[in-house]
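Take the sequences, apply the hints, and build the full model.
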Amino acid sequence: MEERIIRVLIAKPGLDGHDRGAKVVARALRDAGMEVIYTGLRQTPEMIVEAALQEDVNIIGLSVLSGAHMALTPRIFELLRLNDMEDVPVFIGGIIPNEDVPILKEMGVVEVFGPGTSTEIIIDSIKDTVLGERTD
Amino acid sequence: MNALIEQVRIGRRRAIAQLITQIENNDTAARSAIKALYSDTGKAHIIGITGPPGTGKSTLVNGIAKVIRKSDLRVGIIAVDPSSPFTGGALLGDRVRMRDLSGDVGIFIRSMASRGSLGGLARMTGNVVKLLDAAGYEVILVETVGAGQAEVDIASTAHTTMVVEAPGMGDEIQTIKAGILEIADLLVVNKADRPGSDRTVKALKAMLQMGQSRGYVDHHGKKISVKMSEKDRSDSSEHWQVPVLDTVATDGKGIEELVEVTFAHKTHLQKSGQWFQREKARCRQEIGQLLQTRYLAEIRARVPTTEREKLIVAVAERRIDPYSAVDELFAQTNYRD
Ligand SMILES: Nc1nc2c(ncn2[C@@H]2O[C@H](COP(=O)(O)OP(=O)(O)OP(=O)(O)O)[C@@H](O)[C@H]2O)c(=O)[nH]1
Ligand SMILES: [Mg+2]
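Here the protein sequences come in this chain order: A and B.
As numbered in the working numbering, the first sequence has no gaps in its residue numbers, which increase by one up to the final residue, 136.
As numbered in the working numbering, the second sequence has no gaps in its residue numbers, which increase by one up to the final residue, 337.
Treat the hints as calculated values from the structure; they're not laboratory data.
Errors might be hidden in some of the hints.
[To be verified] Now the stretches of chain A that chain B is said to cover, found in silico as 3 or more residues with beta-carbon under 8 Å: (1) 2-12; (2) 31-40; (3) 46-56; (4) 81-91.
[What the hints assert, rightly or not] Per label pair, the in silico range of CB-to-CB distance: (5) B:F86 - A:D124: 16 to 22 Å; (6) A:R81 - B:E309: 50 to 56 Å; (7) A:D84 - B:F330: 49 to 55 Å.
Each residue gets a CB set at the ideal place from its N, CA and C atoms; glycine is no exception.
Here's what the structure looks like:
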């Protein structure tokens, strides 16, 4: 009776007040059989990592439109390390300038999805990342 | 697993979160965890928050937790949302309303998907409550799926059940249908800033009176009261007058009082001896369920699938009736004679 349901945190850091994209992705992941913890707007890195810890998610998705990703992402990774959670992968969706993508990946972001990425691609990528990396 | 359990006992949050996942995903893990932790449980006040969708349960949980934290008690929160029956996935959004609680290490919030259970909780919610209890959370708030009816499971899980309604929406009628008054220890009319809340409060009070004159007394191991004066609310009397409170969860109005009454209910249960009665009722139900599951598992283990399949076909072809088929299954497991 071992169940394997992927738990995903979808968080919206930054100050812009618009989460349509994040909600579309959240619903698509639910429809793909995942349990999606949706935390809403204006999440600080502290809130995001705390929620990821309590919810024991397999992966964290950040939806960023505000351009704050270069400031927020390092802080999120720092907090993950402090909580022994460096094994939890992080992906980003939203509006990210091309030149930032390699820098984000260098920081540890597993995947960056630009606007208009099909939800199938996101779903497949999450499944690959989580099921490929799970050791338990 | 043992290392994890030790860490849960000392309240390590990562360990708590990971053990919850194991309990949710794996019955064998749940069994070992509960066996190990059970003697540490029984200390928490378990409070259920139920009611129709969108009435403000999560917002209320946020407010209640903030008030309780002033007294330094640690608060565990379990928020249950439905799983899709088609894909098994779930969108767990209750945390959106609980953002005020982040950053407080005395609070632990966990979202749970119902995973096919229909009674408003997940099958493992009771075990997650035990885990949080053992980890030292003194008050545990359980928000059910907002289905509007049939969330009766919460009554056998919580010591204090509050049913949250909102003005309008024809809730009054739905409430009677759902039989939800029988499970309420407290009725909350939230969104009291909206027009019509006085009417909803009145309607609920009237319904409580009707319920009393009909006199259902012992439902789901719970007592619903006869009439008594306001001042007796928190004393040792046998009876609990179900109060109707109004709140505005979004700005905190009425929540101090709601928490006060919730704690008064706990005192009432303890002084009247009903605390233990409820514990017993809950254990009776839990053991009944575990026995069922266990019997089923034993029969599956002892009677080969091919034999079971033969019997099923025989019933379908009307060569044997279902009762005799079960007699046959029992005979094959040596439970009888
Ligand atoms: N006007 C008003 N709105 C409120 C009040 N309490 C909550 N709300 C709003 O009602 C909506 C639903 O609140 P939730 O707390 O998510 O309700 P819920 O019962 O947990 O919803 P489900 O979990 O989906 O069943 C949100 O937009 C809240 O901001 C209140 O006291 N007054
Ligand atoms: Mg809710």
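Which of the stated hints cannot be reconciled with the structure, identified by number in ascending sequence?
none
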